[in-house]
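Participant: Here's the letter readout for the chains.
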Amino acid sequence: MSPLIEAHGLTRILQETVPVTLVKDIDLTIGEGEFVAVTGLSGSGKSSLLYLLGLLDRPTRGMLRVRGRDTEPMSETSRAETRLSTMGFVFQFHFLLPEFTARENVEIPMRKVARLGRDEMRARATELLSSLGLVDHLDKRPDQLSGGQRQRVAVARALANDPPLILADEPTGSLDSTSSEQVFAILDGLVRERGKTVVAVTHDFGMAARMDRRIHLVDGEVSKEE
Amino acid sequence: MSAMRLIFDIALTHVAGRGRQTLVAVIGVAVGVGFSIAMAALMQGGQDDFVRQLVDTMPHVDVTDEQRTARRQPAEDLFEAVAISGLRPRDDRRGIINPTKAVSWLEEWMPGRLAAVLNVQGVIRYSGREVGAVVIGIEPEKEMRVSPIVEDFESGSFSALAAGGNNVVIGDTMASRLGAALGDTITAISSEGRARNFKIVGLFHTGTTARDEGEGYVLLKNAQILSNRPNAINEIRIKLDDPNAAPSIAHRVEVELGYKAVAWQEANESILEALVVRNVIMYTVVAAIMLVAGFGIFNIVSTITHEKARDIAIMKSLGFSETDMRRLFVIEGLAIGIAGSLLGWTLGFAIT
Ligand SMILES: Nc1ncnc2c1ncn2[C@@H]1O[C@H](COP(=O)(O)OP(=O)(O)OP(=O)(O)O)[C@@H](O)[C@H]1O
Ligand SMILES: [Mg+2]
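If you read the protein sequences in the order shown, they are chains A and B. For any residue, its number in the numbering used here is found by taking its place in the first sequence, counting from 1, and adding 61. For any residue, its number in the numbering used here is found by taking its place in the second sequence, counting from 1, and adding 1.
In short, the hints are calculated from the structure, not lab data. Every residue, glycine too, gets a C-beta built ideally from N, C-alpha and C. Some hints could be false.
Claimed, not checked - What follows is a list of derived Cβ distance ranges for each label pair:
no., chain 1, residue 1, chain 2, residue 2, range
1, B, M5, A, D197, 25 to 35 angstroms
2, A, S139, B, T353, 48 to 58 angstroms
3, B, L335, A, R176, 24 to 34 angstroms
4, B, M5, A, S146, 34 to 44 angstroms
5, B, A310, A, R271, 33 to 43 angstroms
6, B, A310, A, P225, 21 to 31 angstroms
7, B, A351, A, S146, 47 to 57 angstroms
8, A, S146, B, G20, 49 to 59 angstroms
9, B, V25, A, R274, 49 to 59 angstroms
10, A, D88, B, V25, 50 to 60 angstroms
11, A, R274, B, E308, 33 to 43 angstroms
12, A, S139, B, A351, 49 to 59 angstroms
Next up, chain B with everything else stripped away, as it sits in the complex (with noise of 0.2 angstroms):
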């Protein structure tokens, strides 16, 4: 043991002596880790908060009326070995068929909030200039549980919508485009040509141009008017209370209904794909700094070793073993290795 702790001090004696060599060392190490260390957390910072921005502002599972495969036929019913081929998704898309049986089967069970809507299609003018949008059908009380836009009302809000009457909230960037304000009254066409008109009761800007440009909310029954489908609803938009379930809950509900169930991680796959290569290429750099700075540490170590060539001689002959003298070294190796790293966690640290 006291070996070992005289070992230790000449390691410590030898380190502290070559002053600058040292220090230029634990630097170098330092500064490695240190940036590996500020990188790593900035880079997961920013993909936390980007992550937590997308699990904010999009439904968690977003239920549509499309359907993925097309629907088992009777005949697949009736006779095991029938294989029907040439079948695709029907595309007529006439709504979430019995909405409210679906939505109270999906309150029953489901860990979380949801709101139904109805998005039609279709266009909105005002004084002579018009832009495309989605009119989007809502339950103000229900929407605002889910809806990412609560927050972001310039003037007005959703419940201004709950008081009943044609009234609509828009984007800013819709309302400038259109050249109509707060108050005005815009016409609302659906795709089939039915026009309506609607009070501008709120507007928004969300920060997302297609939001902001392209899209309008009112009532749910309004909507159904719009477009001539009573009591229909084409979207169920899901907040749960743990994002991270949305795939087996997208799945359930998929199985279950029949409708297309997209959890939020489905439809940012490819963003979620990017950020893992965005990892690995951070932790390659990462690696890359750690493989220089610990060439730094053997540099400083080897040249330690060639200038000690004549007291590892003096050592010995004062009955240092090999392995003292090999244990000397990489306590050095060590000490820098050591000291920079602590240095650079501090660097780390404070930078970020």
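With the rest of the complex left out, here is chain A (with noise of 0.2 angstroms):
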């Protein structure tokens, strides 16, 4: 079976007046069930990376597959697609759609794929925020959020169409260490529970140390791996 992520020469150079490379030949294989750290300092590109295997970027070179599929000839529907039925995001900054309330939040991703029915929608995204220990906070709007929960929505909206891959831009950078720890919790829990592939960008190198592997990025470059 191939893996689910598989990139060579991945490269991404914004073509500003002076150009900008944001990540450089990246090389990297993700298979399923793996929970990897992506590190590196302010600015060396872990976004970026991130960006481009969720396929909201488009790589300047390089070959990027998700689950076997060259992902260059895709057109932006298809591509739309794939993200839909195997990424869930959990963004660095600016999580949820400030109109929405908690639940609702969790349902938009269901409702784009609309295999289920509006009540069965309803009654699974209760049951993932419940899951995650928001039960009293259904019907908040994200203003009325802390950011640690308002981060475990976000976690929970990632689920929400049950995809096999999560990628999560230091979901727990902005969180006291009661929070982190509840995140890095759940994460956890997805991959040695169900069998998720996470993805996650860290600072913390404690918890990078307890994730499965390590990839450390320097100016755009994968400078070590293990």
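From these two lone chains plus the hints, build me the complex, please.
Facilitator: What follows is the structure, encoded as structure tokens:
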């Protein structure tokens, strides 16, 4: 079976007046059920790499396969479909759609797929949020939630369509240690108990140490992998 | 379908979520649309009234004893290649020749009513004062079917003439300028100098100065005596069942009778043209208002897209494509536009 993600020479250069290299010559293979840390200093290209892996950005050159399928020739629509069926995102900042309640935020990707009925979606959103300790906050809008609560809503939303891969950009970056631990435990549980693949950017070396693999970036290149 | 529904929901939530801004844009559109509708309605209404009044007060086709072009010369009938230059329409106006035949010919086919009259230029005098006037000889029953004045009598009426005798009805302005009142006897003097006395049996007020000040109606027979033209008429006033048919009927009359027949549209060409210009101006203004309203919508939608740049990224990560996003913002613009238009519509109809 082909790996979930396979990258060769993945490079992204912004064509500004002075070209900016975001990431360069990344070779990477991520299999099912792995818990991968992406580390590096601020500005080293961690978010950029995640955007590329999540098909939110197109590489300038290099090859990227998702479940064995080359992403290069895909249309924008099929990239969107691939994202929808394969990936869940947890962003570094600004996690949720501000006009919608926690539950609506979780329901939106389900409604996009439209596999379930309205009641089932609602039940599933409630269940996901409850399992992340948010049973009392279902109908609150993001500005009525704390940072940690929002981040957990974002995790619930990433899981809405039960994707095999979760891409998380510093999911605990803006949280206190208790909340961080809570979110980490959730991600860890996804890998250990539900066989998901999680790729998480983190600054926290202690946390990175508890994951399966660490990919360390320096100036957009992989400097160390273990 | 349900994907569209989702986009629709998100669009409405976005639009509704930015209460004040949306309200301003909607009101902007509404005011634009509302005033455009109100203005168009008022102007159209005013114009309709105006045209209706025009149609009511004027003969729809007015046949006079003038000629537009010189009569065809007998030589032209005889010799094909003859071209006669220097001809002018005759301007000694002798009235419509053979009036009885002309009238009965018209009555045969023309869908409407007509009245034959004789207009005599002259002055009217009373106790040393005089005013220039057209003394119009009419047959009261016929005139009443085509005249706009019928409703405008302050005292007396056309039927007071019908009884016979030397009677006249004049406009109230003329009466006051002469210092004459109902029952007084005035003297009408034709341009050839013939004079006759008439007793005032009616006063009218139409609101049209030229009429109120310068027209006096007498029996046709009396006008013919005054101008020494027995049996003559020099104008046929026609009211049609369908005023819009006036130009074609005027054309036919002119071709067959040989006299100038003017449809009301022709008589008021310059006014009608002015109305067209007015309409062009109005619709330009309306278009400008719409354009401004359009800019308002564009503005708010582009603000939303800018502010929502991060939301757009999130939504993409949730599996929305570029097309979905574009649809989203188009719907938001439409929602504002439609809401504004509906409100404006209501507003416009409320104003008018
Ligand atoms: N749109 C852009 N235009 C110009 N430079 C950019 C742009 N996006 C990112 N960069 C630059 O590319 C580099 C990599 O950015 P990226 O966001 O991937 O870093 P990061 O590792 O996620 O940093 P952080 O830990 O602060 O989130 C940075 O130096 C950043 O300034
Ligand atoms: Mg980053």
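Participant: Next step is simple, just say for each hint if it's right about the structure.
Facilitator: Going down the list of hints, with the structure as the test:
1. Taken as a hint, the range 25 to 35 angstroms holds for the pair B:M5 and A:D197, whose Cβ atoms sit roughly 33 angstroms apart.
2. As the Cβ distance of A:S139 to B:T353 is approximately 54 angstroms, the hint placing it in 48 to 58 angstroms holds.
3. Between B:L335 and A:R176 the beta carbons are some 29 angstroms apart, a value that agrees with the proposed interval 24 to 34 angstroms.
4. At about 19 angstroms, the CB distance of B:M5 to A:S146 disagrees with the hint of 34 to 44 angstroms.
5. Restraint check, B:A310 to A:R271: a C-beta distance of roughly 35 angstroms satisfies the suggested window 33 to 43 angstroms.
6. Between B:A310 and A:P225 the C-beta distance comes to about 29 angstroms, which sits within the given range of 21 to 31 angstroms.
7. Between B:A351 and A:S146 the Cβ separation comes to about 52 angstroms, which falls inside the hinted range of 47 to 57 angstroms.
8. In this structure, A:S146 and B:G20 break the distance hint of 49 to 59 angstroms, their C-beta atoms being roughly 36 angstroms apart.
9. Between B:V25 and A:R274, the C-beta spacing of about 53 angstroms keeps the proposed range 49 to 59 angstroms intact.
10. Separated by about 53 angstroms at the C-beta atoms, A:D88 and B:V25 satisfy the suggested range of 50 to 60 angstroms.
11. Distance hint check: the CB atoms of A:R274 and B:E308 are about 38 angstroms apart, consistent with the given range 33 to 43 angstroms.
12. Taken as a hint, the range 49 to 59 angstroms holds for the pair A:S139 and B:A351, whose Cβ atoms sit roughly 51 angstroms apart.
When each numbered hint is compared with the structure, violations occur for hints 4 and 8.
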